[in-house]
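Undergrad: Generate the whole structure from the sequences, applying the supplied hints.
Residue numbering for the sequence shown follows this note's numbering, beginning at 1 and increasing consecutively.
Don't take every hint at face value.
[Said to hold, decoys possible] Heads up, simulated DSS-like pairs for lysine-lysine below, C-alpha to C-alpha not over 25 Å straight-line:
1. Lys126 x Lys270
2. Lys202 x Lys218
3. Lys240 x Lys91
4. Lys270 x Lys199
5. Lys126 x Lys245
6. Lys217 x Lys270
7. Lys151 x Lys74
8. Lys218 x Lys134
9. Lys219 x Lys199
10. Lys270 x Lys245
11. Lys202 x Lys217
12. Lys91 x Lys201
13. Lys74 x Lys91
14. Lys201 x Lys79
15. Lys202 x Lys134
16. Lys79 x Lys91
17. Lys240 x Lys70
18. Lys70 x Lys303
19. Lys218 x Lys126
20. Lys70 x Lys134
21. Lys303 x Lys151
22. Lys270 x Lys303
23. Lys151 x Lys239
24. Lys303 x Lys202
25. Lys199 x Lys217
26. Lys91 x Lys70
27. Lys91 x Lys239
Calculated from the structure, these hints are not laboratory results.
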Amino acid sequence: MSTKSTGTEWDRYDLSQRGFFYDDDSRPPKDPLPPHVEALRDSMLDFACEDFDLDSKGEDEANIINEINKSAMKFEEGKFSENVWESLFQKYFFEPLVQDASASGGDSRKISRSKYYYDAIVFDSKAAWVTFDKSGNALGNSMADPFRNKKRPQVDGAFYFPIYHLTEKSPIPEATGHTGMEWHKASTPSLVESFSWSKLKKLHEHGLRPSPFHAFKKKQPLENDMKCYPWLVVEHKHKKNTFEKLREEAYCQAVNASGCAVRLNQITAKFAVELPKEAHIPPIPAVTTVGPEVKVWITYFAKDFMAYYYADEDYSEQSFQRCEQGYVRIVSGIQDDNYTDYSR
Numbered sequence: 001m002s003t004k005s006t007g008t009e010w011d012r013y014d015l016s017q018r019g020f021f022y023d024d025d026s027r028p029p030k031d032p033l034p035p036h037v038e039a040l041r042d043s044m045l046d047f048a049c050e051d052f053d054l055d056s057k058g059e060d061e062a063n064i065i066n067e068i069n070k071s072a073m074k075f076e077e078g079k080f081s082e083n084v085w086e087s088l089f090q091k092y093f094f095e096p097l098v099q100d101a102s103a104s105g106g107d108s109r110k111i112s113r114s115k116y117y118y119d120a121i122v123f124d125s126k127a128a129w130v131t132f133d134k135s136g137n138a139l140g141n142s143m144a145d146p147f148r149n150k151k152r153p154q155v156d157g158a159f160y161f162p163i164y165h166l167t168e169k170s171p172i173p174e175a176t177g178h179t180g181m182e183w184h185k186a187s188t189p190s191l192v193e194s195f196s197w198s199k200l201k202k203l204h205e206h207g208l209r210p211s212p213f214h215a216f217k218k219k220q221p222l223e224n225d226m227k228c229y230p231w232l233v234v235e236h237k238h239k240k241n242t243f244e245k246l247r248e249e250a251y252c253q254a255v256n257a258s259g260c261a262v263r264l265n266q267i268t269a270k271f272a273v274e275l276p277k278e279a280h281i282p283p284i285p286a287v288t289t290v291g292p293e294v295k296v297w298i299t300y301f302a303k304d305f306m307a308y309y310y311a312d313e314d315y316s317e318q319s320f321q322r323c324e325q326g327y328v329r330i331v332s333g334i335q336d337d338n339y340t341d342y343s344r
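TA: Structure representation (structure tokens):
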């Protein structure tokens, strides 16, 4: 059940009026998903290479899994705050993802180079997506449609692609590693020219919006702003007596943010060849955690689709209606409602 809207609180009704929809039914969708969304969903649900047998895992990995379960049980029973849950997920799930994609001293030269130029990612938390401020008109005339997000996203966590600025004096990003693998000093910036600060800055002047931050306002780039095209957003909530309200708030914040991330892709796709079912606009995954409950979603832009509408803010009547266009988020099929299953 959704909560009634009061002022600036998050609610599903207001988001649907703005063109942002989410379906929290974990069952397979009744209607076929667009092929590009289904392809992403299939890749996310491909566990063929994973071993879920806890007894067969190495001792270190088994200890980590047991520690996650133990911590989650403690936080759930003790009604710990949101910050505690956020730290748990970052430590065991999101920070290892960044470390795995980052070049390190133990990598071979080939792997180190590949990670720096092709696989690098950036994680940040609590960063305000100022491009989507209601005031300031940072989007400019980059989009002609009337969709506007409820608030500027300030997500609990998000993954981005790095923006490169490989100058001799202040290369961004720097590469860690032993001597001979400092790729930021290499003479091959052309490999990442499409993601270079100078190139994106010029395109920004012509309507491109690759970054949700003010990455191109200064004469020289600031490293904290050197990230673009968020490709995974995360929202956390703790679990207490107002569980249903917190769950809806997390879901609304996530669809607001992931919809904005899709919007950046949509702006870029204006210059691409249009494909059927809006396949030229890449979808965005999102993760919500409410206490130990975890859901993984996919948000995409769609036209001519069916979605749930509410007749009023009291949620007294719900109908399934056809929508001309909007941002849709569905459950990918990955969810975990119990901390005892974290080993999965």
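Undergrad: Starting from the hint list further up, note which numbers the structure goes against and sort them upward.
TA: 1, 7, 10, 12, 14, 18, 20 and 24
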